[in-house]
Amino acid sequence: MRTACTWIMLAIATVTITLSLPQKAAAIPDKIDIGSLEALYKKVNFDHAAHIKTIYDCAVCHHHTTGALVTDPNCVRCHKTSNPTKDVACRNCHRKDPFSADVMNEKLNPNRYHNDIPGLKGAYHQSCLGCHKKMNGPTGCQDCHKRKPEGDAMFNAGEFAPKKPAGKGHGGH
Amino acid sequence: MKRRDFLKGCLMCSAAAAVGTGSKAQAAGSFEGYPDAMGVLVDLTRCVGCRSCEAACNKEQRLPEPDVPFDDTSVFEEKRRPTERAYTVVNKYETGQGEPVYRKIQCNHCNEPACLTSCFVNAYTKTKEGAVIYNPKICVGCRNCMIACPFNVPGYSYSSAFNPVVKKCIFCHDTRLKNGRPPACVEACPQEVLTFGKRADLIKLGHERIRETPTRYYDKIYGEKEVGGTGWLYLSSVPFDKVGFDTTLQNEPIISNVKDFLGMVPMVLAIWPALFTGVHLLSTKNKDGHDDHDDSHNGTGGH
Numbered sequence: 000m001r002t003a004c005t006w007i008m009l010a011i012a013t014v015t016i017t018l019s020l021p022q023k024a025a026a027i028p029d030k031i032d033i034g035s036l037e038a039l040y041k042k043v044n045f046d047h048a049a050h051i052k053t054i055y056d057c058a059v060c061h062h063h064t065t066g067a068l069v070t071d072p073n074c075v076r077c078h079k080t081s082n083p084t085k086d087v088a089c090r091n092c093h094r095k096d097p098f099s100a101d102v103m104n105e106k107l108n109p110n111r112y113h114n115d116i117p118g119l120k121g122a123y124h125q126s127c128l129g130c131h132k133k134m135n136g137p138t139g140c141q142d143c144h145k146r147k148p149e150g151d152a153m154f155n156a157g158e159f160a161p162k163k164p165a166g167k168g169h170g171g172h
Numbered sequence: 000m001k002r003r004d005f006l007k008g009c010l011m012c013s014a015a016a017a018v019g020t021g022s023k024a025q026a027a028g029s030f031e032g033y034p035d036a037m038g039v040l041v042d043l044t045r046c047v048g049c050r051s052c053e054a055a056c057n058k059e060q061r062l063p064e065p066d067v068p069f070d071d072t073s074v075f076e077e078k079r080r081p082t083e084r085a086y087t088v089v090n091k092y093e094t095g096q097g098e099p100v101y102r103k104i105q106c107n108h109c110n111e112p113a114c115l116t117s118c119f120v121n122a123y124t125k126t127k128e129g130a131v132i133y134n135p136k137i138c139v140g141c142r143n144c145m146i147a148c149p150f151n152v153p154g155y156s157y158s159s160a161f162n163p164v165v166k167k168c169i170f171c172h173d174t175r176l177k178n179g180r181p182p183a184c185v186e187a188c189p190q191e192v193l194t195f196g197k198r199a200d201l202i203k204l205g206h207e208r209i210r211e212t213p214t215r216y217y218d219k220i221y222g223e224k225e226v227g228g229t230g231w232l233y234l235s236s237v238p239f240d241k242v243g244f245d246t247t248l249q250n251e252p253i254i255s256n257v258k259d260f261l262g263m264v265p266m267v268l269a270i271w272p273a274l275f276t277g278v279h280l281l282s283t284k285n286k287d288g289h290d291d292h293d294d295s296h297n298g299t300g301g302h
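Chains as they are written, first to last, in numbering that gives the first Met the number 0: chain A, 0 to 172; chain B, 0 to 302.
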């Protein structure tokens, strides 16, 4: 029993270490589950491989972090010869809580240039939806993440839809 | 001699009062809001019209059930305004330049709110956090604030027969803002159209966005100067009058229009009766001779 436990612990440790190492070509994930809006929506099963095939250029989504050549004249000013960064995942720079006191205080540093980094949710949507519009990809909310019952309740949709007839017809009385 | 002194005094008093009110009015115009007041920068170029903010507001403020679900886009067929049932609404504008522009409307939380100025029972408060809140227990439902608001924001509970009051966005002050948290709409917005922060920082941020991507933005932050500055600020890709903003508003706070006049009222009430009584006494004395005066003197002397 104890040996089994040790083996499992070792396996977990190995996986953790592998994941935390600088990502090389071999470590690029094919599928990524994005669950940051799980309170209201089901996870997005993001097909990373398909996006790589379609776009090729990592910099379109990952900016300068993968070492790919950036073309945005604003970014080129500093990141023309930037090395790949240790972390390339969106969540490492785009914070889940962009308006928390901690993050807002970080922005007060006058030496910091990037004080307008969108939060994680904003970054995902601006990047994904912006590109999907240009490339004729799916743009409906539920094309990417299906709503859970909690989401339906939030939007008064589905089984939570208003029961009474819509306002326009009602005004006749 | 005494009469002359009295008249001199009257004139000096009125002159002093006039000078006093003049300087007060100037001070009102230069007030730029509380230094740490929070605000929201609304970047219309990012909005996709998903109405998540409306849904979040409805739940946070426990507003009544909407007529149609919040994912129903048929509401964009008409231009809506905030009501007692919806403190924020999104309208759609076809500008003829590519994508439609969506505009979120809610209370703009002015630095010098006209609603507050117009309220004769003092139901409104501008908090140091930047929110314009109101006390529905004090509100008498006179609707002066609805007329005073340059943005047509306050709604009215017409549905209530016995205690109708004004209803509007309060920046989620009670549940969020006073605890340092952003309002519900900001947190719900998927596109981060809404950036929460100190008003002073947001103005810098807005100008920086315009500078970095000048092709994306019309070169102006709406609300930076309008009616003395508002807590909620807007960036747009098209001129603001094309997406329903009133671009004819003055930069002076609304209160500056009336402060000179209102400052005169106490002066008139206090000084004019005394002044005109004096004038009346003088004129009657000149016409009718000394009789009246002497009589009164004799009368007082008799006691």
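Fair warning: there could be bad hints in the mix.
[Said to hold, decoys possible] Calculated from the model, a selection of chain A residues having no Cβ within reach of chain B, i.e. all distances over 12 Å:
#1 Phe45
#2 Tyr112
#3 His124
[As the list claims (entries may be wrong)] Here are the simulated DMTMM-like cross-link-like pairs (lysine to aspartate or glutamate), alpha carbons at most 25 Å apart as the crow flies:
#4 A/Lys163 x B/Glu98
#5 A/Lys163 x B/Asp35
#6 A/Lys162 x B/Glu93
#7 A/Lys95 x B/Glu207
#8 A/Lys79 x A/Asp96
#9 B/Lys224 x B/Asp240
#10 B/Lys58 x A/Asp151
#11 B/Lys197 x A/Asp96
#12 A/Lys106 x B/Asp66
#13 A/Lys79 x B/Glu207
#14 A/Lys162 x B/Asp71
#15 B/Lys91 x B/Glu128
#16 A/Lys147 x B/Glu207
#17 A/Lys133 x B/Asp66
#18 A/Lys41 x A/Glu149
#19 A/Lys95 x A/Asp32
#20 B/Lys203 x A/Glu149
#21 B/Lys203 x A/Glu105
#22 B/Lys197 x A/Asp151
#23 A/Lys162 x B/Glu64
#24 A/Lys132 x B/Glu64
#25 B/Lys203 x A/Asp96
#26 B/Lys197 x B/Glu59
Calculated directly from the structure, the hints in this document are not laboratory data. Where a beta carbon is used, it is the ideal one built from N, C-alpha and C, also for glycine.
Verification of the hints:
1. Phe45: Given that every Cβ of chain B is farther than 12 Å from that of phenylalanine 45 of chain A, nearest at about 16 Å, it holds.
2. Tyr112: violated (10 Å)
3. His124: violated (4 Å)
4. A/Lys163 x B/Glu98: Roughly 34 Å separates the two Cα atoms, so the pair is violated.
5. A/Lys163 x B/Asp35: Violated - the C-alpha atoms of aspartate 35 of chain B and lysine 163 of chain A are around 45 Å apart, more than 25 Å.
6. A/Lys162 x B/Glu93: Violated. Lysine 162 of chain A to glutamate 93 of chain B sits at ~32 Å, over the 25 Å cutoff.
7. A/Lys95 x B/Glu207: With Cα atoms ~23 Å apart, lysine 95 of chain A and glutamate 207 of chain B stay inside 25 Å; holds.
8. A/Lys79 x A/Asp96: Given that 25 Å is the threshold and the Cα spacing comes to 30 Å, the pair is violated.
9. B/Lys224 x B/Asp240: OK: lysine 224 of chain B and aspartate 240 of chain B at ~16 Å, within 25 Å.
10. B/Lys58 x A/Asp151: holds (12 Å)
11. B/Lys197 x A/Asp96: At roughly 16 Å apart (the allowed maximum being 25 Å), aspartate 96 of chain A and lysine 197 of chain B satisfy the hint.
12. A/Lys106 x B/Asp66: Outside the cut-off at roughly 41 Å; violated.
13. A/Lys79 x B/Glu207: holds (21 Å)
14. A/Lys162 x B/Asp71: With Cα atoms ~15 Å apart, lysine 162 of chain A and aspartate 71 of chain B stay inside 25 Å; holds.
15. B/Lys91 x B/Glu128: Violated, at roughly 30 Å.
16. A/Lys147 x B/Glu207: violated (38 Å)
17. A/Lys133 x B/Asp66: violated (34 Å)
18. A/Lys41 x A/Glu149: Since the Cα atoms of lysine 41 of chain A and glutamate 149 of chain A sit roughly 10 Å apart, the hinted pair holds (cutoff 25 Å).
19. A/Lys95 x A/Asp32: Holds, at about 16 Å.
20. B/Lys203 x A/Glu149: violated (38 Å)
21. B/Lys203 x A/Glu105: The hint holds at about 16 Å.
22. B/Lys197 x A/Asp151: Judged against 25 Å, a Cα distance of about 33 Å means the pair is violated.
23. A/Lys162 x B/Glu64: It holds: about 9 Å lies between the C-alpha atoms, which stays within 25 Å.
24. A/Lys132 x B/Glu64: Not OK: lysine 132 of chain A and glutamate 64 of chain B at ~32 Å, beyond 25 Å, violated.
25. B/Lys203 x A/Asp96: holds (21 Å)
26. B/Lys197 x B/Glu59: holds (22 Å)
Comparing the model with each numbered hint stated earlier shows that hints 2, 3, 4, 5, 6, 8, 12, 15, 16, 17, 20, 22, 24 do not hold.
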